[in-house]
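A.B. asks: The primary structure of each chain is shown beneath.
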Amino acid sequence: MMSILSVTGLRKEYKNMTAVRGVDFSLPEGKCIALIGPNGAGKTTILRILAGLLKQTDGAVTFSGKETNADIRKFIGYLPQYPVFPSWMTAREFLLFSGEIAGLTKEEAARRAEDLAEQVGITNALDKRISDFSGGMKQRLGIAQAIIHSPQLLLLDEPVSSLDPIGRRDVLTLLERLKKEMTILFSTHILNDAEEVCDELLLLHDGEINEAGSMEALREKYQTSVIEVEFQENRQRYLEKLKQLPGITACTLERQIIKIPVADIAQARKEIFQAAAEENWPIIGFNLNRASLEDLFMKAVKK
Amino acid sequence: MRQWQTLVKKELLGNFRDRKWIWVPIVLILLAVMDPVSNYYLPQILDAVGGLPDGAIYEMPQVTGIDAITMSISQLSSLGILIFVLISMGTIAGERKSGIAELILVKPVSYTAYIMSKWTALLALVLVSYIVSMLFAWYYIGMLYEFIPIGDFLLLLFFYGLWFILVVTLSIFYNTVFRSPGLVAFSTIATIIVLSVVTSMFGQKLNYSPSNLSNHALHYLQTGDISGALIGSAVTTISICALLLVWSIYIFQTKEHAS
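Here the protein sequences line up with chains D and S, keeping their order. For the first sequence, the positions run 1 to 303 when our numbering is used. For the second sequence, the positions run 1 to 259 when our numbering is used.
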């Protein structure tokens, strides 16, 4: 697959700490990639380096087919986590300004501003001062300004973390749509958001990339499922019995439900059903839970 | 060039919405006009507050037009400069501190265009305010004392204006060095004070120092001949400004634009 951007050996040291400890990754073109990690993992630092706002201590960032010393800002759109706008401007003025400094002509910028305002849903507020905007509207304006020059790569720093559920939904839908036009890299510490729109994941922990790949591949790799069995009575007794079944190594009783993490679902299910049938266990619920992204994340981080 | 225009337009609009285009000229006019006018009405003012004690003989000094414009200039040189430093201390530093710069500099903006646009927009405000205030001073001085010949006045306006260009450029320079507007203001003012003190201490050797601009220009008004020292100071000032601008751009290019 063509990669639009590749990063090798990227390091960033501050005076008294290392924020990024030598990461390598590449962004496949046309995909939506999530940069996931807990707070302080180095997500913002990486995005800022890619956007050209910070200089790396070491390592290289190459934009596909571009000279290393070319101004790659032209091909990149960026939205910081807490965008600060010149609040005395109207949204239209700011979009025009952003477009023009990004190299659009006045007419192009005006047309793009109208278009994008509609796409992100701020048409009605276009001529209002930004100081009157709500958080959600600012975030939409932020996305609009980031893509006004039709960049090939869109970098978003925690685009939905600070939004209410409705705003979050809108932005995710918008990303879903933008995915068709450009490569998107966004950072988040909220796993569900990543799961929803992303094709690829980069798991960042403590300045290092612990895991990278497509969502499917990662799921497969960290596949562990949990079988949940619910008994009508004598839970403790059956817990002991379950523990003795072959292929079951650990099980716990949590809120009336016995949870059994298993590697081989088919095998474990067979054992349980067999024993249940022979001894007529009073099972009232049987559930199979596949690993969530969160489990996957915890696993990768603890590795 | 087009980027520079766009950026300048944004700055001017910002200063306009901030009402800076209104209050800065007004304050400067007050500063420039206050001393000549109050000096003229000093006898009446003294009378109004009870007058001098009986028998006191106080001879009003004969104030010439040049004396009067010197008063205006000394006001602009102190409080005027303070105001210019205050309006310029956050022009880049504040934008970087707040994060606005992050949105601008992530676009393919040339750093030169960015710095130069800040400089231009600030200079426009400062110079317009300065010229307007001096015109007011010239008019009032003409009405109350005597008119300074317009040619002489324009020359004074030009040479003394260079001093303000230096102040603005210094402020822009410190704006690229520091991220805190307060530190920018402090450094700018400290530099100006040091320059003035050093110049007055080594007056002979530093005859071409920028802070001699007003002295030389006023000297010209009195004698009517343009001295080499005036030209020398002007050339020094312009050179320092150019150097500072280039240096600012260099510093800005090597800086990181997010914390």
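Just so you know, these hints were derived from the structure itself, not from any lab. Mixed in with the good hints there might be a few duds.
[As the list claims (entries may be wrong)] Listed next, the stretches of chain S that the computed footprint assigns to chain D, with coverage defined by at least 3 CB atoms under 8 Å from CB atoms of chain D:
id, region
1, 12-23
2, 43-57
3, 230-237
4, 252-258
[Unchecked claim] The calculated lysine-lysine pairs, modelled on DSS-like cross-linking and capped at a C-alpha distance of 30 Å, are:
id, chain 1, residue 1, chain 2, residue 2
5, S, K205, S, K255
6, D, K106, S, K205
7, D, K138, D, K74
8, D, K15, S, K20
Backbone N, C-alpha and C fix where the C-beta goes; we use that ideal spot for every residue, glycine too.
A.B. asks: Please go over all the hints and tell whether each is borne out by the structure.
C.D. replies: Each hint tested on the structure:
{"no.": "1", "hint": "12-23", "result": "holds (count 4)"}
{"no.": "2", "hint": "43-57", "result": "violated (count 0)"}
{"no.": "3", "hint": "230-237", "result": "violated (count 0)"}
{"no.": "4", "hint": "252-258", "result": "holds (count 3)"}
{"no.": "5", "hint": "S/K205 - S/K255", "result": "violated (37 Å)"}
{"no.": "6", "hint": "D/K106 - S/K205", "result": "violated (53 Å)"}
{"no.": "7", "hint": "D/K138 - D/K74", "result": "holds (23 Å)"}
{"no.": "8", "hint": "D/K15 - S/K20", "result": "violated (39 Å)"}
The earlier numbered hints that this structure contradicts are 2, 3, 5, 6 and 8.
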